[in-house]
Amino acid sequence: MKNPLKMKSWPPYVVGAAIGILSWFTFLSAGNALGITTAFETTAAICEQQLLPDAAEANPLFAKKPPKIDWGWMLVVGVFAGAWISSKLSGDRQAETVPTLWADRFGSSVTTRFVAAFGGGLLMMLGARLAGGCTSGHGISGSLQLAVSSWMFVAVAFSVGILTANLFFRRKSQSHV
Amino acid sequence: MFDPIWKLALGLVSGIVFGFLLQKGRVAKYEVIVGQFIGRDFTVVKIMVTAVVVGAIGIYALLPSGAVSLHIKPALWSGIAIGGTLFGIGMTVLGYCPGTGVVACGEGRKDAYVGLIGMFVGAAVYVYFYSNFSAIAGAWGDGGKLTLPSSTGTSPWLWIIPLAAVASILAWVGRRREKVLN
Chain S
367 MKNPLKMKSW PPYVVGAAIG ILSWFTFLSA GNALGITTAF ETTAAICEQQ LLPDAAEANP
427 LFAKKPPKID WGWMLVVGVF AGAWISSKLS GDRQAETVPT LWADRFGSSV TTRFVAAFGG
487 GLLMMLGARL AGGCTSGHGI SGSLQLAVSS WMFVAVAFSV GILTANLFFR RKSQSHV
Chain V
387 MFDPIWKLAL GLVSGIVFGF LLQKGRVAKY EVIVGQFIGR DFTVVKIMVT AVVVGAIGIY
447 ALLPSGAVSL HIKPALWSGI AIGGTLFGIG MTVLGYCPGT GVVACGEGRK DAYVGLIGMF
507 VGAAVYVYFY SNFSAIAGAW GDGGKLTLPS STGTSPWLWI IPLAAVASIL AWVGRRREKV
567 LN
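Each protein sequence line maps, in turn, to chains S and V.
In our numbering, each residue carries its 1-based index in the first sequence increased by 366.
In our numbering, each residue carries its 1-based index in the second sequence increased by 386.
FYI, nobody ran anything at the bench for these hints, they're computed from the structure.
Careful: at least some of the hints might be erroneous.
[To be verified] Far from chain V by the CB rule (all over 10 Å, computed), these chain S residues:
1. M367
2. N398
3. E407
4. P419
5. D420
6. Q460
7. A461
8. R495
[Stated by the list, open to error] Just so you have them, the derived chain V footprint on chain S, three or more residues with Cβ under 8 Å:
9. 373-383
10. 387-395
11. 410-417
12. 424-438
13. 471-484
14. 506-518
15. 526-534
Because the structure is a prediction, the values reported are computed rather than measured.
We treat Cβ as the ideally placed atom computed from N, Cα and C, and that holds for glycine.
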């Protein structure tokens, strides 16, 4: 049998179950739930503190949540490292600039794709911070704790995602059939 | 400014495992994330639902012993409605969510790096205008740290057991359908 670490993919149910068990571990070991976007807020807050100390002084965020390099910040560093290790082991490296599905619909312009990726990332992060979490913090960690906020977030974000994706791709995907 | 070193190390190790799993799960791919939204690929839902069911069983089984405590995010109604909407649009355009965006960078995807810069700028805008954004998030009130069992006065298992049952049936139906299609 092939070394599982060198495989390009694992069955989704195996990956999901392992993520569930990983959350037992994070709750037990550090008293924390998996989440990604707080670390971005922390980094931005530290930058504001350093670059715009006057604005930071007047900003109530710093009294409420003094930014620090914490467990969640290192988690994001780890996610990058873990993905890098996994893709190196399996050879699943992607130097792709424009995903195929995107290129089919919006053309293969790198500029268009980069502008969209930038704008999409910006909107997504604003949304995550307004809602208090993302697909990990709400979608997995919050849902598994049966949090009302998280189930509501998943319902709204996925409904809007389905609507947006169908607006973008529906006609195109039908014409292929 | 810093968590103690053991906690930082635990975060790093947990993150490496999380990133490794997401990469093996193939969810850091535009076609897989957007494919879920257009009903072509069910990888995202399979992973998320399995993680939620397995995670919920463990956390709620450990809860009475006091070994774990819950970390519930407040029900800021307008924050979730508006934030969820922006998130859904942004995630579809970018094609990765925040976690899988970081994974996609680890895989070497250049558009994900640009998305990551966008995410950072988004966080900076949020931090700079924090007062305004927190007013928007709280505009319709704060329901507090509600859970489905706490808000209905029911046992958590009344939610977890049916959820596990529905997930198992969906997985079984999904497998049969995939077999027929292949």
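Each hint tested on the structure:
With a least CB separation of 16 Å from chain V, S/M367 remains clear of the 10 Å interface cut-off, as annotated. At roughly 7 Å from the closest C-beta of chain V, the C-beta of S/N398 falls inside 10 Å, breaking its exclusion from the interface. Listed as a non-interface residue, S/E407 fails to keep its Cβ farther than 10 Å from every Cβ of chain V; the least gap is roughly 5 Å. No beta-carbon of chain V is positioned within 10 Å of the beta-carbon of S/P419; the least distance is around 13 Å.
Every CB of chain V is more than 10 Å from the CB of S/D420 (nearest about 12 Å), matching its label as outside the interface. Remark: the non-interface label on S/Q460 conflicts with the geometry, its nearest Cβ contact in chain V lying 5 Å away (cut-off 10 Å). Look at S/A461: its CB is around 5 Å from the nearest CB on chain V, not clear of 10 Å, so calling it non-interface is violated. Against chain V, the non-interface label of S/R495 is violated: not every CB pair exceeds 10 Å, the least being about 4 Å.
Residues of the stretch 373-383 of chain S lying with their CB closer than 8 Å to a CB of chain V number 9, which satisfies the three-residue condition for coverage. Under a criterion of three residues with beta carbons nearer than 8 Å to beta carbons of chain V, the stated coverage of the stretch 387-395 of chain S is upheld, 9 such residues being counted. Counting residues of the stretch 410-417 of chain S whose C-beta lies closer than 8 Å to any C-beta of chain V gives 4; at least three are required, and the coverage claim holds. Under a criterion of three residues with beta carbons nearer than 8 Å to beta carbons of chain V, the stated coverage of the stretch 424-438 of chain S is upheld, 8 such residues being counted.
For the stretch 471-484 of chain S, the assignment as covered by chain V holds, since 5 residues bring a beta-carbon within under 8 Å of that chain's beta-carbons and 3 suffice. Under a criterion of three residues with beta carbons nearer than 8 Å to beta carbons of chain V, the stated coverage of the stretch 506-518 of chain S is upheld, 13 such residues being counted. Coverage of the stretch 526-534 of chain S by chain V holds [criterion: at least 3 residues with CB-CB distance below 8 Å; count 8].
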